[in-house]
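Residue numbers (our numbering), protein chains in the order written: chain U, 1 to 327; chain V, 1001 to 1332; chain H, 2001 to 2494; chain B, 3001 to 3332.
It should be emphasised that the hints constitute simulated quantities derived from the structure, not laboratory data. Incorrect hints may appear among the rest.
Once the Cα atoms are required to be at most 25 Å apart in a straight line, the calculated SDA-like pairs of lysine to any residue come out as [as the list claims (entries may be wrong)]:
{"no.": "1", "chain 1": "H", "residue 1": "Lys-2019", "chain 2": "H", "residue 2": "Lys-2364"}
{"no.": "2", "chain 1": "H", "residue 1": "Lys-2397", "chain 2": "H", "residue 2": "Lys-2109"}
{"no.": "3", "chain 1": "B", "residue 1": "Lys-3190", "chain 2": "H", "residue 2": "Val-2054"}
{"no.": "4", "chain 1": "U", "residue 1": "Lys-162", "chain 2": "U", "residue 2": "Gln-146"}
{"no.": "5", "chain 1": "V", "residue 1": "Lys-1239", "chain 2": "B", "residue 2": "Leu-3267"}
{"no.": "6", "chain 1": "H", "residue 1": "Lys-2118", "chain 2": "B", "residue 2": "Ile-3150"}
{"no.": "7", "chain 1": "V", "residue 1": "Lys-1108", "chain 2": "V", "residue 2": "Thr-1313"}
{"no.": "8", "chain 1": "H", "residue 1": "Lys-2148", "chain 2": "H", "residue 2": "Asp-2184"}
{"no.": "9", "chain 1": "U", "residue 1": "Lys-322", "chain 2": "H", "residue 2": "Glu-2392"}
{"no.": "10", "chain 1": "U", "residue 1": "Lys-12", "chain 2": "H", "residue 2": "Leu-2370"}
{"no.": "11", "chain 1": "H", "residue 1": "Lys-2148", "chain 2": "B", "residue 2": "Lys-3009"}
{"no.": "12", "chain 1": "H", "residue 1": "Lys-2109", "chain 2": "B", "residue 2": "Ile-3307"}
{"no.": "13", "chain 1": "V", "residue 1": "Lys-1324", "chain 2": "V", "residue 2": "Val-1062"}
{"no.": "14", "chain 1": "B", "residue 1": "Lys-3320", "chain 2": "H", "residue 2": "Asp-2307"}
{"no.": "15", "chain 1": "H", "residue 1": "Lys-2371", "chain 2": "U", "residue 2": "Phe-220"}
{"no.": "16", "chain 1": "H", "residue 1": "Lys-2364", "chain 2": "U", "residue 2": "Phe-220"}
{"no.": "17", "chain 1": "V", "residue 1": "Lys-1108", "chain 2": "U", "residue 2": "Tyr-39"}
{"no.": "18", "chain 1": "B", "residue 1": "Lys-3113", "chain 2": "U", "residue 2": "Glu-321"}
{"no.": "19", "chain 1": "B", "residue 1": "Lys-3115", "chain 2": "B", "residue 2": "Gly-3211"}
{"no.": "20", "chain 1": "B", "residue 1": "Lys-3320", "chain 2": "B", "residue 2": "Pro-3012"}
{"no.": "21", "chain 1": "B", "residue 1": "Lys-3115", "chain 2": "B", "residue 2": "Leu-3011"}
{"no.": "22", "chain 1": "V", "residue 1": "Lys-1328", "chain 2": "B", "residue 2": "Arg-3216"}
{"no.": "23", "chain 1": "H", "residue 1": "Lys-2148", "chain 2": "H", "residue 2": "Trp-2117"}
{"no.": "24", "chain 1": "H", "residue 1": "Lys-2192", "chain 2": "H", "residue 2": "Ile-2236"}
{"no.": "25", "chain 1": "B", "residue 1": "Lys-3009", "chain 2": "H", "residue 2": "Asp-2116"}
{"no.": "26", "chain 1": "H", "residue 1": "Lys-2328", "chain 2": "U", "residue 2": "Leu-182"}
{"no.": "27", "chain 1": "V", "residue 1": "Lys-1239", "chain 2": "B", "residue 2": "Met-3293"}
{"no.": "28", "chain 1": "B", "residue 1": "Lys-3319", "chain 2": "B", "residue 2": "Tyr-3270"}
The following label-pair restraints were derived from C-beta to C-beta distances [said to hold, decoys possible]:
{"no.": "29", "chain 1": "V", "residue 1": "Asn-1331", "chain 2": "B", "residue 2": "Met-3253", "range": "57 to 67 Å"}
{"no.": "30", "chain 1": "H", "residue 1": "Asn-2161", "chain 2": "B", "residue 2": "Trp-3085", "range": "25 to 35 Å"}
{"no.": "31", "chain 1": "V", "residue 1": "Asn-1331", "chain 2": "U", "residue 2": "Ala-167", "range": "41 to 51 Å"}
{"no.": "32", "chain 1": "H", "residue 1": "Lys-2316", "chain 2": "U", "residue 2": "Ala-116", "range": "53 to 63 Å"}
{"no.": "33", "chain 1": "H", "residue 1": "Gly-2363", "chain 2": "U", "residue 2": "Ala-167", "range": "36 to 46 Å"}
{"no.": "34", "chain 1": "H", "residue 1": "Glu-2077", "chain 2": "B", "residue 2": "Ile-3158", "range": "52 to 62 Å"}
{"no.": "35", "chain 1": "U", "residue 1": "Ala-116", "chain 2": "V", "residue 2": "Val-1294", "range": "58 to 68 Å"}
{"no.": "36", "chain 1": "V", "residue 1": "Pro-1186", "chain 2": "B", "residue 2": "Leu-3306", "range": "50 to 60 Å"}
{"no.": "37", "chain 1": "B", "residue 1": "Lys-3213", "chain 2": "H", "residue 2": "Gln-2056", "range": "45 to 55 Å"}
C-beta: ideal position from N, C-alpha, C; glycine also.
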Amino acid sequence: MKPELKRRLKSKEAVLFLIFVVIFVFMSILSPTRFLSLYNLQSMAYQLPEFGILALSMMIVIITGGINLSVTYTATLAMIIGGFAMSHMFAGGSSAGLSVLVGIILMLAGSLACGAFNGYVIAYIGVTPMLATLGAMTFFEGISLQVTRGGAISGFPIEFIKIGNTAVLGIPVPMIIFLFVLATVYLFLERSRMGATLYMIGSNPKVTRYSGINVRKNLFITYLIASLLAGIAGILMASRYNSAKESYGSSYLLQAVSAAVLGGTSIAGGEGKVIGTVIAVLIIQVISSGLNIIGLNRYLTNVVMGLILIVVLTINFLTREKQFRNN
Amino acid sequence: MKKKVLAVLLVLMLCISMTWANGSSDKGSDELTIVVMPKLVGIPYFNASEVGAMQAGKDLGVNVIYTGPTTADAAEQVRMLEDLISKGVDAICVAPNDAAALTPVLMKAKSAGIAVLDWDTPADPNVVDLSIHQIDDKQYGEHIWDLLVEGMGDTGDYAIITGGLSAANLNSWIDAGLDYAKKTYPGLNLVTERIPSDEKQQVAYQKTLDLIKAYPNLKGVVGISTPAPLGAAQAVEEKGLSDVITVVGTSLPTDSGPYLADGSLKVGTLWDPSKLGYLTVVMAADFLKGNKPVDGQMVENVGKISVWPDGRTVIMGPPADFTKENYKTFNF
Amino acid sequence: MGQTLIELKNISKTFPGVKALENIGFSIDSGEIHALIGENGAGKSTLIKILSGVYQPDSGGQIILGGRVVESLTPLEALQSEIAVIYQDFSLFPNLSVMENIALEQSVKNNDNLVDWKAMERISRDALDQLGISLDLNTILGDLSIAKQQLVAIARSLANNARLLILDEPTSSLSKNEVRKLFDIMHSLKNKGMALLFISHKIDELFAISDKFTILRDGKYIGTYGEDELDDEQLISLMVGRKIEYTIYPKNKRTEPLLEVRGFSKKGNFRDINFTLHKGEILGLTGLVGAGRTEVAQAIFGLNPADEGTLLLDGKEIINSTPNDAVKAGFSFVPENRLQEGLVLSKSIEDNISLTMLDALSGKSSLINLKKRKELTRNWMEKMDIRPNIPEMITSKLSGGNQQRVVISKWLATDPKVLIVDEPTNGIDIGAKSGIHQLLRDLAEKGLGIIIISSELPEILAIADRVAVMRRGRIITEFFCENITQEDIMSKAL
Amino acid sequence: MKTKLLKIKELPIILILIVISIIISVANPAFMTLENFLDILKSNLVLAIMSMGMLMVMLTGGIDVSVSSVITAVAVITGYSLMHWSSNLLFTILVAVLSGTVMGLFNGLLIAKLKIPPIVATLGTMSVILGLVLYITNGTWMTGIPEKFIDFGRKKLITFPTGDGKALGIPIQFLFLLVAVLATWFILRKTVIGRGIYAIGGNRDSAERMGFKPDRIIIFVYAFEGFLIGLAAVAHTSIMRQVDPNAFLGFEMQVIAAVVLGGASVLGGYGSILGTLIGVSLFCVINNGLILMHIPTFWQKIVVGLIIIGSISIDMTQKKRTERNKTRVDVE
């Protein structure tokens, strides 16, 4: 057991966790009354889930050797489709409960449709994920604009708004949903047979195909699942922002890629741990909130994030080199 | 392992040095702290507002934090507002990227005992204590169309170039203007729906070139958002059509100087954004001290303001029009 | 014979856990064709990599090159000493033109800044002329057939004016005519004073062309002999260390048909393939490399579906349009190229062995039963004697033999009805080889139908019940493996 | 000859470009005019120049998402140099290409020496560079570009008189594009390093074995890309006559999209100058055609998205077909 423990302590994730702790402590020292306040911890717990879920969605796709540039527009298209129905039903006299139910179902269905579109183009036509999702990004944005005419869809029942804005026993509902998603993604990726397949596809699709595994189908499903997660993030955003709009969360796209990579997911595919991505999301959240509370210029926050990305990857590189030399 | 720790420390040092360089500290004081949040930072319009807001802070002896997202994303605004509530401030003045999106977080702010104001663009009227407007949206839209007709006459083809399709206040001006044109200037013919320019002069320029070719009888272009009229004017000037096509729109006098001078931009119209920033801080500080604005009140460095009967909508005043003749007299 | 070009003294190479080469010492003269002989795994590839500077030998040895004594070479030194190697994987650029593949190296070697396209054209034209073949110089290499790509690889080495040309099984993809042409060229190169180190498994070829033989066995130097000092049999016995290579297994009687292939055709791959595999039978599929054997196997397994033809399993028609269909129907396929097709090298033994078994390892919950997985892995690792016995070991770090055992394990784990093995003993030492033969035979005994593709005729004769010989995309003939010789098969295959 | 033409790898994309051009010109004859082509040329010069650099990067199997922040930084430095140091043209170009090259070099070092995957390394530098530029400039436009430089930007290379007394001209900035294309062509086609770029994209191990130095080549490629971005920044500034630090937000996606539309493989090794230029043209023609064809604004993104996916899918299906039909065995 001892060498196992030692190995774990030396893992990328452990290093990352250490970095997280250091940053957290640092922020706390810098701003003990505010950063460490219960209110702020809770506020971070409200903010983190939508981004965290998008990062997990991105991670799943990256593990198969792909990337999904349309992830945020999937979320917004889903919330617009569902939100459109929900607000119309509610305004038309349907009960709040029914409107919310239909709205949520349509949001999930909308995200699945986006996933099916991406999945088909990537898995069955064989277009490189980066290009396919680049096109899809524009396409989804176009549909969203067409539906909303650039405005926001609002007028949701208060029951829907509550999803993203209430806390149970002090724990925000979005956080509970996030923990649930996190557990599911963990089980899916690291424990289920399909997860195992995805890692193999990401490492070597040819061998995986030669092993009698339907790579196309698995890839297709991957994009479905990743988009479903984006849909869940969309529900949280729509609820937290009390409306649905095409541009919500557009700044999450590159952040989601950064989080996945920072968390140790290999951009080439085949490697990556759920826990790593989660720690990376935590790091980004703590830096973002912490620096905001301290009052650092937003642009410098971007600079700090960029530097951390480069530094962590450099550390990974140096560790790898060292291991290589030791061998 | 040592190396890793070292690297981490380096990053931290960086954070510290930048933080201290910024000179902000966590220590609470008796000073009032007012947050002024634009839709996004780093564009000329909101930079000008920042100058006014900071000046007001200095004049009134209140602590002003001017911060906002780096892209016009409501989600990012919500996150920042949540952090600022954690930070503990006295008033939040926000120019929402989307009114509805900010309602929940603004309600949180209110329940945390923070005064909530909107400025530049209205937020949900149910959650704001005061609403500071540069101008009435409807009047402003109508004014722009009046300027257009002044240039091109009340008949003929025209097009609209807007900053972004989902920018709520730009849309409300355009919608007001279009409604007005339908009733007042039936001879005007809008050739195609509003065209987005992503808040970039380059894109506005390109789109105007395309418009000129697609609609050969084009007589007017309305540019909404500060870079749009400039891009349109540049295209018109290059095509040598300054006498044929009238370009009007919302632009800052300093940036639009060259285009006004060569006649490609007929007239720009905007209020002084720094005054708006100034007024916002003054109103917020007054509100925190328990003073309500009154109609016709004289605000130093801004001028006479009007207040709607609801008692919380403050209008700064009419916009200024910039022309070839007068643009040099403005300094924003 | 000319003077000594390169001399090796006491060259050893140790990999973690394996002594790949031990005290190798021999010399190559200019103007000779020197055959390097040894079984797969004897250390030939390692030796070549040392000569080309890819591997550094253990310290203590010496390489004497043009009078200069060094311990090891770097790739650049090897290049400057004009040692050229044609690897089995060609080391070509699929995205560059034929011309550049042949002549670009010259520019790099000369430290040129600019590309001289005219000179490149001349050089590549010359090289191809020497080979007596014509190719469009501007064709992108990736658009050529594998056989033509190999010709380009040979032309490239010719273009480099190498003083020592190392040919690692250069003839394996060539037709008889092309082999003859190559030998002509090798002769003319030799007459120009060039040294050639030639590696081949084909004894007749070796004797047709070589002046000297250096024999390696299990990483050890056995000896260097002139062409007149040895005959076939002596050579083989030196190579394998004993006279009889393989246990010849008793042949099965025909039982009921298991798999019937009827009229399989695919444009540019194979035509009108018909054969029947019986239960408990091992059917050999042989012929030269490039005869279409692998293509047929891939077609059966759904990797390269045929345009026409039907497949009957237990008398019922099935359609394998993807490997997934094939696995579900009860097929297993151990591919020829284990590094590119058989193993996910960046993943562990456990990951690889369980890859085909994920459905079985996960019940209704879809979650993998980790305990069961560990058990399965342990079982197979023991059964197949995979070493080191660490399921978490990354497969790229295993030796070739162990890698192959992982691939076979992963396929046997599925408990197939039909097992197709493509060159299963490639790169595996003798002991392990007979272990695999025994295993295949045992499986057949249990009623499995096995198709084995192998270029190694003694292997086919030892374990197959029947053999089908392919030539240029067609099955030419079938033999029962009793009372036939290698020559009988070869005469049909060529 | 016929077969040779059919062998051109760019053929499908050329056909798509032709078909789309025909559709647009049927809808609006104004498309097929010299004037329109010159407009397209001028407004997309910068994209075309930058696509050359991106092509090289992608040939090595890399990608660069930091191009938009690098050009922003270079434009700001150039603007500063013009306003505070010298308005000498050569000096300006020198400053621009030097600063671009330095930033490219930095990317190259991260990728080649620290082995950080290109997309991640450039994501990091993007945040850092853009963050610093916007922090320093606060997004303010730099408008005081000297007249001398602006006059240079208005020059025409060749002018064609038109009937109505006006003249059309090839903009002077075309020279920058010409230099970029010729330099890229020269490097890729005529130098050993250029063939090395293809070689490491096709088979990195073999290239190394052959004597190429992949690390050096990669550093060179990113530095050269930075150099081209320097040229693009000068061209851009001379066209737009001001520097807007927000002008290139999101531009990297356009560059990447144009290059891959032109047939470059994201995995490296495949891609040509001709293809890239056609990809850029396709991209520009689609954008140009949207307004010329009177496609309503709210449909435009849908159309663009579908055309991108459609063209790539057609190309892909074509490639798969030839791959499938490739002869593997000479069947008797």
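Evaluation of the provided hints:
no., hint, verdict
1, H:Lys-2019 <-> H:Lys-2364, "47 Å, violated"
2, H:Lys-2397 <-> H:Lys-2109, "33 Å, violated"
3, B:Lys-3190 <-> H:Val-2054, "29 Å, violated"
4, U:Lys-162 <-> U:Gln-146, "28 Å, violated"
5, V:Lys-1239 <-> B:Leu-3267, "43 Å, violated"
6, H:Lys-2118 <-> B:Ile-3150, "45 Å, violated"
7, V:Lys-1108 <-> V:Thr-1313, "22 Å, holds"
8, H:Lys-2148 <-> H:Asp-2184, "18 Å, holds"
9, U:Lys-322 <-> H:Glu-2392, "21 Å, holds"
10, U:Lys-12 <-> H:Leu-2370, "23 Å, holds"
11, H:Lys-2148 <-> B:Lys-3009, "21 Å, holds"
12, H:Lys-2109 <-> B:Ile-3307, "46 Å, violated"
13, V:Lys-1324 <-> V:Val-1062, "39 Å, violated"
14, B:Lys-3320 <-> H:Asp-2307, "16 Å, holds"
15, H:Lys-2371 <-> U:Phe-220, "29 Å, violated"
16, H:Lys-2364 <-> U:Phe-220, "21 Å, holds"
17, V:Lys-1108 <-> U:Tyr-39, "11 Å, holds"
18, B:Lys-3113 <-> U:Glu-321, "12 Å, holds"
19, B:Lys-3115 <-> B:Gly-3211, "20 Å, holds"
20, B:Lys-3320 <-> B:Pro-3012, "13 Å, holds"
21, B:Lys-3115 <-> B:Leu-3011, "36 Å, violated"
22, V:Lys-1328 <-> B:Arg-3216, "53 Å, violated"
23, H:Lys-2148 <-> H:Trp-2117, "22 Å, holds"
24, H:Lys-2192 <-> H:Ile-2236, "31 Å, violated"
25, B:Lys-3009 <-> H:Asp-2116, "24 Å, holds"
26, H:Lys-2328 <-> U:Leu-182, "33 Å, violated"
27, V:Lys-1239 <-> B:Met-3293, "21 Å, holds"
28, B:Lys-3319 <-> B:Tyr-3270, "13 Å, holds"
29, V:Asn-1331 <-> B:Met-3253: 57 to 67 Å, "37 Å, violated"
30, H:Asn-2161 <-> B:Trp-3085: 25 to 35 Å, "55 Å, violated"
31, V:Asn-1331 <-> U:Ala-167: 41 to 51 Å, "49 Å, holds"
32, H:Lys-2316 <-> U:Ala-116: 53 to 63 Å, "34 Å, violated"
33, H:Gly-2363 <-> U:Ala-167: 36 to 46 Å, "37 Å, holds"
34, H:Glu-2077 <-> B:Ile-3158: 52 to 62 Å, "55 Å, holds"
35, U:Ala-116 <-> V:Val-1294: 58 to 68 Å, "59 Å, holds"
36, V:Pro-1186 <-> B:Leu-3306: 50 to 60 Å, "37 Å, violated"
37, B:Lys-3213 <-> H:Gln-2056: 45 to 55 Å, "19 Å, violated"
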